[in-house]
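Enquirer: Spelled out from the first residue to the last, the chains are:
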Amino acid sequence: MNSKKSTELIRITDEVRRAVQMTGLKNGIVNVFTLHTTTGITINEDDVRLEEDIARFMVKLVPEDDSYAHHRFFRKDGRMAVNAYSHIRASLLGANVTMPLQDGALVLGSRQNIYLVDLDGPQARGLVVQVIGE
Amino acid sequence: MHAVLIKELTDSRPALLRDARELFDLRTSPQPLSTLLGEMDACGVERSVLLPINCETSLRSKMPSNSEIADLVKRETRRLIGFASVDPNAGKDALSDLRESHDMFGLKGLKLNPAMQAFDPAGREALDVYEEAERLGMPILVHTGITFSNRFSIGYNRPLIYDDLARRHPKIKFCLAHWGWPWVLDAVVVTIRNPNVYLDTAGTFAGTPTETMRQIISLLTTRVIENTLGERLIFGSDYPRIEMNKMFDAVSSLPLRRDVLDRILTGNALAFLGES
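Residue numbers (this note's numbering), protein chains in the order written: chain A, 1 to 134; chain B, 135 to 410.
Don't read these hints as lab results, they were simulated from the structure. Computed from a prediction, not measured in an experiment: that's the story for all the values here. Mixed in with the good hints there might be a few duds.
Simulated crosslink set (EDC-like; lysine to aspartate or glutamate; CA at most 16 Å straight-line) [claimed, not checked]: (1) A:Lys5 <-> A:Asp66; (2) A:Lys76 <-> B:Asp262; (3) A:Lys5 <-> B:Asp383; (4) A:Lys4 <-> B:Asp175; (5) A:Lys26 <-> A:Glu134; (6) A:Lys5 <-> A:Glu52; (7) B:Lys208 <-> B:Glu142; (8) A:Lys5 <-> B:Asp175; (9) A:Lys26 <-> A:Asp103; (10) A:Lys4 <-> A:Glu45; (11) B:Lys305 <-> B:Asp237; (12) A:Lys76 <-> B:Glu268; (13) B:Lys305 <-> B:Glu265; (14) B:Lys242 <-> B:Glu268; (15) B:Lys226 <-> B:Asp175.
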């Protein structure tokens with residue numbers, strides 16, 4: 001997935017459905033997991049304005065301009081760490097969601113959409129979809 | 135911006151990824167060119183300069199090569215400008231490399247990092263390279279200031295070295311990268327004294343980009359930037375050591391007059407490149 005903004009909710013329900021169909025499994029549970037520490041996965045209503053609200057609230061809740069201990073030369077990356085707020089926002093959302101799989105279809109409410117939330121974009125991001133079932 | 139962790143390059147030449155990690159000490163994940171373009175779009179940057187570093191003598195590595203830079207530019211000719219890098223230790227070969235990069239690859243400027251490349255920036259070999267660059271109309275972007283890796287001595291990164299060079303060679307255009315941090319005042323005095331010297335904002339050293347800019351403003355005052363550096367300070371990001379949109383937000387939020395900010399973000403780079 002490729003985000004285009006610094007904070008962005010990306011609808012991934014269709015991509016998850018396609019990944020599940022490729023397994024051929026019909027019943028079980030589906031786990032969607034992000035491989036990154038500055039992204040989150042969440043399920044919410046598929047309304048563009050609500051997506052804006054969630055993005056704006058995350059920015060307001062964890063301000064960029066604070067005194068974060070993480071912000072120093074980060075030898076592991078070979079560069080300054082400057083994104084503690086992105087990591088904290090990601091922790092608030094969590095790294096995965098799980099949902100039932102029934103008769104080959106994701107069990108989601110009529111308003112529910114799965115979102116990858118990029119909190120440190122724009123970047124190319126990777127996800128894992130794992131299905132346990134039969 | 136350093137073109138060392140662009141996925142199209144690291145996929146085609148995995149040794150580049152190893153060198154970026156082990157020699158350039160940059161260990162974030164490679165990102166496709168589309169991420170760079172996305173960051174440019176996110177902050178309204180129209181064009182970016184791609185930089186290589188030729189460390190053939192010091193590290194047996196080109197990160198990346200001039201031809202790889204040219205290949206990347208071909209993918210986005212309207213949005214990317216390629217610079218070359220040559221190894222001054224190579225003597226006459228460095229001069230022919232530079233001519234090739236200009237004549238065959240269409241590269242527009244020269245990037246040098248004396249500490250990483252292990253050459254004396256005031257030495258004869260370097261002077262020959264500078265003079266060839268001037269003859270070809272290629273401005274020179276030199277690394278100044280801190281190199282986080284202690285593998286390299288940073289004596290060659292001192293901005294004051296360029297005062298004598300710029301005075302003696304007034305037609306050669308130098309840009310001192312990274313504000314010369316932490317020798318910011320040294321870099322500023324060299325820039326003020328020499329009309330052929332520019333300074334760039336690339337990199338973040340004192341915390342976030344915003345925190346770094348605040349520190350620099352407190353050292354210099356907005357008045358000095360507006361009235362003295364306003365025509366020779368250039369926006370630079372240091373991508374991928376920092377995301378371009380974060381640097382842009384920090385620089386474009388500086389409490390400076392609008393016309394000065396416009397020059398920092400656009401006009402001064404065009405002047406350095408010889409496009410205005």
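Enquirer: Against each hint, give a clear statement of whether it holds in the structure.
Expert: Going down the list of hints, with the structure as the test:
1. In summary, the hint linking Lys5 of chain A to Asp66 of chain A is not supported, as the alpha carbons are separated by about 21 Å, beyond the 16 Å threshold.
2. With a CA separation close to 38 Å, the supplied pair Lys76 of chain A and Asp262 of chain B exceeds the 16 Å bound.
3. About 13 Å separates the Cα atoms of Lys5 of chain A and Asp383 of chain B, which keeps this hinted pair within 16 Å; it holds.
4. For the hint linking Lys4 of chain A to Asp175 of chain B, the alpha-carbon distance of about 8 Å falls within 16 Å, and the restraint holds.
5. The straight-line distance between the Cα atoms of Lys26 of chain A and Glu134 of chain A is roughly 6 Å, inside the 16 Å bound, and the hint therefore holds.
6. Taken as a hint, the Lys5 of chain A and Glu52 of chain A pair is honoured in the structure, with Cα atoms around 12 Å apart against an allowance of 16 Å.
7. Of the pairs offered as hints, the one joining Lys208 of chain B and Glu142 of chain B holds, with about 13 Å between alpha carbons and a cut-off of 16 Å not exceeded.
8. For the suggested pair Lys5 of chain A and Asp175 of chain B, the alpha carbons sit about 9 Å apart, so the restraint of at most 16 Å is met.
9. Under the criterion of a C-alpha separation no larger than 16 Å, the hint pairing Lys26 of chain A with Asp103 of chain A is consistent with the structure, at around 5 Å.
10. Between the alpha carbons of Lys4 of chain A and Glu45 of chain A the distance comes to roughly 21 Å, so the proposed pair goes past 16 Å and is violated.
11. For the hint pairing Lys305 of chain B with Asp237 of chain B, the CA-to-CA distance comes to about 21 Å; that exceeds 16 Å, so the pair is violated.
12. A threshold of 16 Å between alpha carbons decides the hint, and for Lys76 of chain A with Glu268 of chain B the separation of about 39 Å lies outside it, so the pair is violated.
13. Proximity of Lys305 of chain B to Glu265 of chain B is assessed by CA-CA distance (about 9 Å); at most 16 Å being required, the pair is judged to hold.
14. As the CA atoms of Lys242 of chain B and Glu268 of chain B are separated by approximately 11 Å, the hinted pair is consistent with the 16 Å bound.
15. Between Lys226 of chain B and Asp175 of chain B the alpha-carbon distance is near 41 Å, which puts this suggested pair outside the 16 Å criterion.
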